[in-house]
Each structure stands twice: as C-alpha cells, then as structure tokens.
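Novice: In terms of this note's numbering, the sequence shown opens at residue 116 and continues consecutively.
Mixed in with the good hints there might be a few duds.
Keeping only pairs whose Cα atoms sit at most 25 Å apart, straight-line, the calculated DSS-like set for lysine-lysine is [said to hold, decoys possible]: (1) Lys176 - Lys124; (2) Lys143 - Lys192; (3) Lys237 - Lys176.
Keep in mind that the hints were calculated from the coordinates and are not lab data.
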Amino acid sequence: MTSKEIIIKFLNEGGFRYQEVDENICFKFQLVNYIFMHNACDELLQLVMIFYDVTDENRQKVLECANTVNQEKALAKLTVDEDSVWVNCEDFVDDNYPETKIPLMLGLMENARQRFYELMRKQDEET
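Produce the entire structure from the sequences given, and follow the hints as far as they go.
Specialist: What follows is the structure in structure tokens.
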C-alpha cells in the first residue's frame with residue numbers, strides 16, 4: 116500500500132471526513148487540522164499541521180522557540196517559513212504498516228505544538 120492509501124484507509128475506518136486538495140489529504144483529528152502531503156515517494160507518510168502566524172514583529176521569538184522545540188522533541192519537527200509555523204512528522208510505510216502509528220504521530224505533533232505555545236507564553240512573560 117502507498118502512504119496515501121494508508122492514510123485514506125485510516126481516515127475511512129475511523130469515520131473521519133477528509134478532503135483531497137491537489138493530491139494532498141486535509142482532515143481534522145481531535146479538532147486540529149492536518150494535511151497528508153503527497154510527494155514523489157509513495158512510501159513516505161508525511162503529516163503536517165500549520166498552526167501559527169509569523170510576522171516581522173514575532174519572527175525572532177518564533178525562531179528561538181521553534182529551535183528549542185526541535186532540540187527537545189524527536190520525530191516531530193517545527194519549520195518556520197515566511198508567514199507560518201508548521202510541525203511535521205514522517206515515516207516510511209510498507210504493506211504491513213500498522214495504522215496505530217498514525218495517532219501516535221499526530222500526538223507527537225500536538226505535543227510539539229503545545230510545547231511551542233508554552234515557550235512563546237514564557238517569553239512573553241519575561242518581556
């Protein structure tokens with residue numbers, strides 16, 4: 116099975132609604148929006164959550180907090196682009212891929228997001 120087939124099977128069996136946009140799969144899990152990113156490697160399961168707006172005013176603080184999270188956390192990593200912060204988690208799949216890993220991946224991403232928010236609040240309190 117390809118990673119796309121695995122994520123669609125997981126969503127269907129869990130009763131989740133999803134939408135396919137440009138070969139990506141958008142869905143909600145525990146009230147959070149996620150995207151399965153389709154790419155050239157059918158065996159790569161890449162999940163992304165875009166969750167924070169970056170501005171010129173907060174960019175330095177965002178970069179520092181994202182760097183701290185990336186140092187502390189394994190598997191789920193934050194990326195800061197021009198105007199947003201996103202967290203992603205990746206895994207390689209095969210025909211025997213255990214779908215039980217998907218909620219674990221989503222949990223790791225949520226944990227990284229919460230840690231980011233915690234660090235941002237802490238920096239706000241210190242200024």
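Novice: Hint by hint, say whether it matches the structure.
Specialist: Hint by hint, here is what the structure shows:
1. Note on lysine 176 and lysine 124: the hinted pairing is violated, with a Cα-Cα distance of about 39 Å set against a maximum of 25 Å.
2. Between lysine 143 and lysine 192 the alpha-carbon distance is near 19 Å, which keeps this suggested pair within the 25 Å criterion.
3. Of the supplied pair hints, the one linking lysine 237 and lysine 176 holds, its CA atoms being roughly 11 Å apart against a limit of 25 Å.
Taken one by one, the earlier hints fail for this structure only at number 1.
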